[in-house]
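Undergrad: Starting from the known structure of chain A, fit chain G onto it as the hints suggest.
Protein chains: 2
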Amino acid sequence: MIQARSGNISEEMKAAASHDNVPVELIYDGLRKGTIVLPKNNNRKYSGVRAIGSGLHTKVNVNIGSSPDRSNMGEELEKLRIAERYGADSIMDLSIGAASNVIRRELLKNCNVVFGTVPLYQVCFNLSKERRDFTDLKPDDFLKVIRQQAEEGVDFMTIHAGLTKKAIELLFKEKRLLNIVSRGGSFLTSWMAHNKKENPMLEHFDEILEICKQHDVTISLGDGLRPGATADATDHAQIMELIELGALVDRCRDKGVQVMVEGPGHVPLNQIEANMRLQKKLCHEAPFYVLGPLTIDFAPGYDHITSAIGGALAAMHGADFLCYVTPAEHLRLPDLDDVRQGVIASKIAAYSADLAKGFKDIKQRTDDMSIARRKLDWEKQAELSVDPDIVMEKRAEVKLNDEETCSMCGEFCAIKKINAIK
Amino acid sequence: MIQARSGNISEEMKAAASHDNVPVELIYDGLRKGTIVLPKNNNRKYSGVRAIGSGLHTKVNVNIGSSPDRSNMGEELEKLRIAERYGADSIMDLSIGAASNVIRRELLKNCNVVFGTVPLYQVCFNLSKERRDFTDLKPDDFLKVIRQQAEEGVDFMTIHAGLTKKAIELLFKEKRLLNIVSRGGSFLTSWMAHNKKENPMLEHFDEILEICKQHDVTISLGDGLRPGATADATDHAQIMELIELGALVDRCRDKGVQVMVEGPGHVPLNQIEANMRLQKKLCHEAPFYVLGPLTIDFAPGYDHITSAIGGALAAMHGADFLCYVTPAEHLRLPDLDDVRQGVIASKIAAYSADLAKGFKDIKQRTDDMSIARRKLDWEKQAELSVDPDIVMEKRAEVKLNDEETCSMCGEFCAIKKINAIK
Numbered sequence: 001m002i003q004a005r006s007g008n009i010s011e012e013m014k015a016a017a018s019h020d021n022v023p024v025e026l027i028y029d030g031l032r033k034g035t036i037v038l039p040k041n042n043n044r045k046y047s048g049v050r051a052i053g054s055g056l057h058t059k060v061n062v063n064i065g066s067s068p069d070r071s072n073m074g075e076e077l078e079k080l081r082i083a084e085r086y087g088a089d090s091i092m093d094l095s096i097g098a099a100s101n102v103i104r105r106e107l108l109k110n111c112n113v114v115f116g117t118v119p120l121y122q123v124c125f126n127l128s129k130e131r132r133d134f135t136d137l138k139p140d141d142f143l144k145v146i147r148q149q150a151e152e153g154v155d156f157m158t159i160h161a162g163l164t165k166k167a168i169e170l171l172f173k174e175k176r177l178l179n180i181v182s183r184g185g186s187f188l189t190s191w192m193a194h195n196k197k198e199n200p201m202l203e204h205f206d207e208i209l210e211i212c213k214q215h216d217v218t219i220s221l222g223d224g225l226r227p228g229a230t231a232d233a234t235d236h237a238q239i240m241e242l243i244e245l246g247a248l249v250d251r252c253r254d255k256g257v258q259v260m261v262e263g264p265g266h267v268p269l270n271q272i273e274a275n276m277r278l279q280k281k282l283c284h285e286a287p288f289y290v291l292g293p294l295t296i297d298f299a300p301g302y303d304h305i306t307s308a309i310g311g312a313l314a315a316m317h318g319a320d321f322l323c324y325v326t327p328a329e330h331l332r333l334p335d336l337d338d339v340r341q342g343v344i345a346s347k348i349a350a351y352s353a354d355l356a357k358g359f360k361d362i363k364q365r366t367d368d369m370s371i372a373r374r375k376l377d378w379e380k381q382a383e384l385s386v387d388p389d390i391v392m393e394k395r396a397e398v399k400l401n402d403e404e405t406c407s408m409c410g411e412f413c414a415i416k417k418i419n420a421i422k
Numbered sequence: 001m002i003q004a005r006s007g008n009i010s011e012e013m014k015a016a017a018s019h020d021n022v023p024v025e026l027i028y029d030g031l032r033k034g035t036i037v038l039p040k041n042n043n044r045k046y047s048g049v050r051a052i053g054s055g056l057h058t059k060v061n062v063n064i065g066s067s068p069d070r071s072n073m074g075e076e077l078e079k080l081r082i083a084e085r086y087g088a089d090s091i092m093d094l095s096i097g098a099a100s101n102v103i104r105r106e107l108l109k110n111c112n113v114v115f116g117t118v119p120l121y122q123v124c125f126n127l128s129k130e131r132r133d134f135t136d137l138k139p140d141d142f143l144k145v146i147r148q149q150a151e152e153g154v155d156f157m158t159i160h161a162g163l164t165k166k167a168i169e170l171l172f173k174e175k176r177l178l179n180i181v182s183r184g185g186s187f188l189t190s191w192m193a194h195n196k197k198e199n200p201m202l203e204h205f206d207e208i209l210e211i212c213k214q215h216d217v218t219i220s221l222g223d224g225l226r227p228g229a230t231a232d233a234t235d236h237a238q239i240m241e242l243i244e245l246g247a248l249v250d251r252c253r254d255k256g257v258q259v260m261v262e263g264p265g266h267v268p269l270n271q272i273e274a275n276m277r278l279q280k281k282l283c284h285e286a287p288f289y290v291l292g293p294l295t296i297d298f299a300p301g302y303d304h305i306t307s308a309i310g311g312a313l314a315a316m317h318g319a320d321f322l323c324y325v326t327p328a329e330h331l332r333l334p335d336l337d338d339v340r341q342g343v344i345a346s347k348i349a350a351y352s353a354d355l356a357k358g359f360k361d362i363k364q365r366t367d368d369m370s371i372a373r374r375k376l377d378w379e380k381q382a383e384l385s386v387d388p389d390i391v392m393e394k395r396a397e398v399k400l401n402d403e404e405t406c407s408m409c410g411e412f413c414a415i416k417k418i419n420a421i422k
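Top line first, the protein sequences correspond to chains A and G. Take the first sequence: its position 238, counted from the start at 1, is 238 in the working numbering, and no numbers get skipped. Take the second sequence: its position 101, counted from the start at 1, is 101 in the working numbering, and no numbers get skipped.
The reader is advised that the hints may include incorrect statements.
As the list claims (entries may be wrong) - Going by beta-carbon spacing under 7 angstroms, a handful of chain G positions derived as facing chain A: (1) I96; (2) N179; (3) I180; (4) S186; (5) A231; (6) P268; (7) N270; (8) I296; (9) P300; (10) A328; (11) L331; (12) S370; (13) R395; (14) V398.
Stated by the list, open to error - In silico lysine-lysine, DSBU-like type, Cα no more than 30 angstroms apart, as pairs: (15) K416(A) to K144(G); (16) K175(A) to K375(G); (17) K173(A) to K357(G); (18) K175(A) to K416(G); (19) K380(A) to K175(G); (20) K375(G) to K166(A); (21) K416(A) to K138(G); (22) K416(G) to K166(A); (23) K129(G) to K109(G); (24) K197(G) to K375(A); (25) K360(A) to K175(G); (26) K45(G) to K144(G).
Unchecked claim - Ranges between beta-carbon positions, derived for each pair: (27) K363(A) to K399(G): 43 to 49 angstroms; (28) N401(G) to N8(A): 47 to 53 angstroms; (29) E151(G) to K175(A): 54 to 60 angstroms; (30) K380(G) to H236(A): 43 to 49 angstroms; (31) G74(G) to E78(A): 37 to 43 angstroms; (32) E383(A) to H194(G): 32 to 38 angstroms; (33) K109(G) to I421(A): 35 to 41 angstroms; (34) A396(A) to E151(G): 39 to 45 angstroms; (35) K399(G) to D250(A): 45 to 51 angstroms; (36) E393(A) to K109(G): 33 to 39 angstroms; (37) K360(A) to N101(G): 47 to 53 angstroms.
The set of hints was computed from the structure by calculation and includes no laboratory data. Beta carbons: idealized from backbone N, C-alpha and C, even for Gly.
The shape of chain A in the complex, shown without the other chains (with noise of 0.2 angstroms):
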């Protein structure tokens, strides 16, 4: 951002602007305006490096980590390379539990595009392993991970300063359905109640700012009060943290800070554009990173769907950055197969809003599909497909009468009656 202001193109902007096959005046434009981030750490070297942002395609965010009932280095590392094997533009490193900082440091060493953190699930954790509860949390507990994970190399971290005293009380008055499902937001809110005073992190926001500075990290505004229930959604609550992230936006951008906005949760279908429009309008364009969101509660076992319906809305109308949801969320921790899932479901969710944008590149990939479909070329349509080893196993299972066909029509091919015509 410091670099665009100052008039210079750099060689990550170029890189960025290369992968999103944009000029790279584009990406220089956004990031001096602050609508476009480019998430990169001073201390970290890459070669995935990715913008996100207005104009730019849709980009696809990974969960990944340790909870307290289910830890392995090696699995982790294992959902890294599933991850980016189907196009995950970054991945957050979500571990709260034991070994979360070997775990980190792992995944940050292997990863090859934008990584991500919630720096304050490895304070609750060190206060755990102290046999502190959060409610002792000093400034210091979150201002030493945060240093920390900066000099390690973290790209992005989300830091949930926007959730207010004022906001909470709304909470409570409106009477939501499912109150607070964020983990930092709970955190910070038991430790409010608790201390009777305002959030920690907004009242320690300088001091945060100024370790994202010298680092280059981009700050992730949370959303502590994201709406975890679709009648929660759009609330005062919601609308009141906001409307604080929107004045955090400013004071990232002041300070030379790169700075995204994270949104919800769960909101019905008729909702989405609402509430992305809100966003954007509110937080002055600043990006807008969605968890979903999901349009309906009842699918548990089936979320990444949920989710992939409401984030390709989301993304038609102003979200910039999808965060995969994955079969397993409402149960468990994901196992290799659910990050597969999950992250297939937001890039479609993705490609769908990116060609409903007019990006060339995606709407030329859809086109050669249907080109290959009807020369009945089944090698250029797994090639060309989000996962082409599912193309061929499933084409494999059934034995053909037809090798041209396929075992839905056979012989009575539709495609290959006009072919035969035309």
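TA: Chain G alone, transformed into the frame defined by chain A:
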């Protein structure tokens, strides 16, 4: 329809209203106007009567049936059982190949919901068995099959009568990427190209109407030129056919035959709303039955997801009836697991639209789920979910330190923390 026009409220109308939790007058009025259909053959008795159309819950159809490459009665019956279990509102038997008559009769006997067919498939197979080319088709060939299936009790039939010489001319003039992907459309096009005559199902539409009226068969006007590529969506040929379908809607209503209209197909996200409005307008608010729509072309293996995205948006903007798409679409005939995944994905799309449309029972279910989440009541969550088995299965896969939470956050569960401080 005729009963409603005569001022009668039938038992079927009451059953359909009760299923949808709507006043029977809504269905009665819709049937009179033709904005709702209640597909039920005079000769068939079954418990799962459904009405489809304006003001009602979005319905989901499941296609099953054999192909020349794969035909197994036991498997088709099992697909029927799975489809009904996960909430299919109707079944279409699309068998095309050996034993298709036997399979249809057996499915019809075992089916507890609305049952549809595409008679042209049986016609096509009959000709193939007699070693006659499809171009040798005579009107009696299809009138005989339509009459036979109507007598057997089929509730609705796809009739591709809107495909005209003029529309086909436009199709080839406009140079589609993927021409025709409808099996019925391809048969009729090859007939028309060879015989240089107008569509025989259009020429003999009065005789088709006569049969359908006699047995109260609902006509589902097929879209032989539906786009099979997002590049081909909303083109001259598609809209020309839609205009003809609108004219046929009037002919059906004049005759007292219930009618709905079939639609695309593959449509980019930003053209879905326009397609829905156009169909409703041009077809005089007839119920709209869509296949997908798929929002990108290059996700074979995951087209239940591309179609859930398109289907949710289509239903929000007016589609009344979603035909499911399985992960096997474009690759092979679906197997049992494909059917399960396909029907659940379509139900999720339908529920997402119905929540957006304000249906109170869907709102109640989604809110009950959020309350069960707040209470950490896992059995209730399973009971309310689209697939209770998978909830308990996935949950049981990881050993928990705390049975109240899940392995995503364990002791750091946000919900538990907030419940404690509240």
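Undergrad: Evaluate each hint against the coordinates.
TA: Verification of the hints:
1. With 7 angstroms as the threshold, the beta carbon of I96(G) comes within range of chain A, its nearest partner Cβ sitting at about 5 angstroms, so the hint holds.
2. For N179(G), the suggested interface contact is upheld, since its CB lies about 5 angstroms from the closest CB of chain A, less than 7 angstroms.
3. At its closest, the beta carbon of I180(G) sits 5 angstroms from a beta carbon of chain A; the interface hint therefore holds under the 7 angstroms criterion.
4. For S186(G), the interface hint holds, the least distance from its beta-carbon to any beta-carbon of chain A being 4 angstroms, beneath 7 angstroms.
5. Restraint check, A231(G) versus chain A: the minimum CB separation of about 5 angstroms is within 7 angstroms; hint holds.
6. Of the supplied interface hints, the one on P268(G) holds, with its beta-carbon coming within about 5 angstroms of a beta-carbon of chain A, less than 7 angstroms.
7. At about 4 angstroms, the closest approach between the beta carbon of N270(G) and any beta carbon in chain A falls short of 7 angstroms, and the interface hint on this residue holds.
8. Because the closest C-beta pair between I296(G) and chain A is about 5 angstroms apart, less than 7 angstroms, the hint holds.
9. Interface hint at P300(G): satisfied, since its Cβ lies 5 angstroms from the closest Cβ of chain A, which is below the 7 angstroms cut-off.
10. The criterion of a C-beta within 7 angstroms of any C-beta in chain A is met by A328(G), whose closest approach is roughly 6 angstroms, and the hint holds.
11. A hinted interface residue such as L331(G) counts as satisfied when its beta carbon comes closer than 7 angstroms to some beta carbon of chain A; here the least separation is about 4 angstroms, so the hint holds.
12. Evaluation of the S370(G) hint against chain A yields a held restraint, the C-beta minimum of about 3 angstroms falling below 7 angstroms.
13. Taking 7 angstroms as the C-beta cut-off, the interface hint given for R395(G) holds, the closest approach to chain A being about 5 angstroms.
14. Because the closest C-beta pair between V398(G) and chain A is about 5 angstroms apart, less than 7 angstroms, the hint holds.
15. At roughly 27 angstroms between alpha-carbon atoms, K416(A) and K144(G) fall within 30 angstroms of each other, so this suggested pair holds.
16. The suggested pairing of K175(A) with K375(G) holds, with an alpha-carbon distance near 15 angstroms, which does not exceed 30 angstroms.
17. About 27 angstroms separates the Cα atoms of K173(A) and K357(G), which keeps this hinted pair within 30 angstroms; it holds.
18. Taking the CA atoms of K175(A) and K416(G), the gap is near 17 angstroms; set against the 30 angstroms cutoff, the hint holds.
19. The hinted pair formed by K380(A) and K175(G) meets the criterion: a straight-line CA distance of about 21 angstroms does not exceed 30 angstroms.
20. In summary, the hint linking K375(G) to K166(A) is supported, as the alpha carbons are separated by about 25 angstroms, within the 30 angstroms threshold.
21. Pair hint K416(A) plus K138(G) holds up; C-alpha atoms about 23 angstroms apart against a cutoff of 30 angstroms.
22. This hinted pair checks out: K416(G) and K166(A) have alpha carbons roughly 22 angstroms apart, not beyond 30 angstroms.
23. Taking the CA atoms of K129(G) and K109(G), the gap is near 25 angstroms; set against the 30 angstroms cutoff, the hint holds.
24. Between the alpha carbons of K197(G) and K375(A) the distance comes to roughly 28 angstroms, so the proposed pair stays at or under 30 angstroms and holds.
25. For the suggested pair K360(A) and K175(G), the alpha carbons sit about 20 angstroms apart, so the restraint of at most 30 angstroms is met.
26. For the proposed pair K45(G) and K144(G), the alpha carbon gap of about 23 angstroms is at most 30 angstroms, so the pair holds.
27. Under the hint 43 to 49 angstroms, the C-beta atoms of K363(A) and K399(G), about 48 angstroms apart, fit the expected range.
28. Taken as a hint, the range 47 to 53 angstroms holds for the pair N401(G) and N8(A), whose Cβ atoms sit roughly 51 angstroms apart.
29. Take E151(G) and K175(A): their Cβ atoms lie about 58 angstroms apart, and the range 54 to 60 angstroms holds.
30. One distance hint, 43 to 49 angstroms for the beta-carbon pair K380(G) and H236(A), is violated here, with the actual separation near 28 angstroms.
31. About 38 angstroms separates the C-beta atoms of G74(G) and E78(A), a value consistent with the hinted range of 37 to 43 angstroms.
32. The hinted window of 32 to 38 angstroms between E383(A) and H194(G) holds, with their beta carbons roughly 36 angstroms apart.
33. For the hinted restraint 35 to 41 angstroms between K109(G) and I421(A), the CB-CB distance of approximately 38 angstroms keeps it satisfied.
34. The beta-carbon spacing between A396(A) and E151(G), approximately 41 angstroms, falls within the hinted interval of 39 to 45 angstroms.
35. For K399(G) and D250(A), the Cβ-Cβ distance of about 47 angstroms falls inside the hinted range of 45 to 51 angstroms, so the restraint holds.
36. Checked against the hint of 33 to 39 angstroms, the C-beta distance between E393(A) and K109(G) comes to roughly 35 angstroms, which is consistent with it.
37. For K360(A) and N101(G), the hinted distance range of 47 to 53 angstroms is satisfied, since their beta carbons lie about 50 angstroms from each other.
This entry does not satisfy hint 30, going by the numbered hints stated previously; all others are met.
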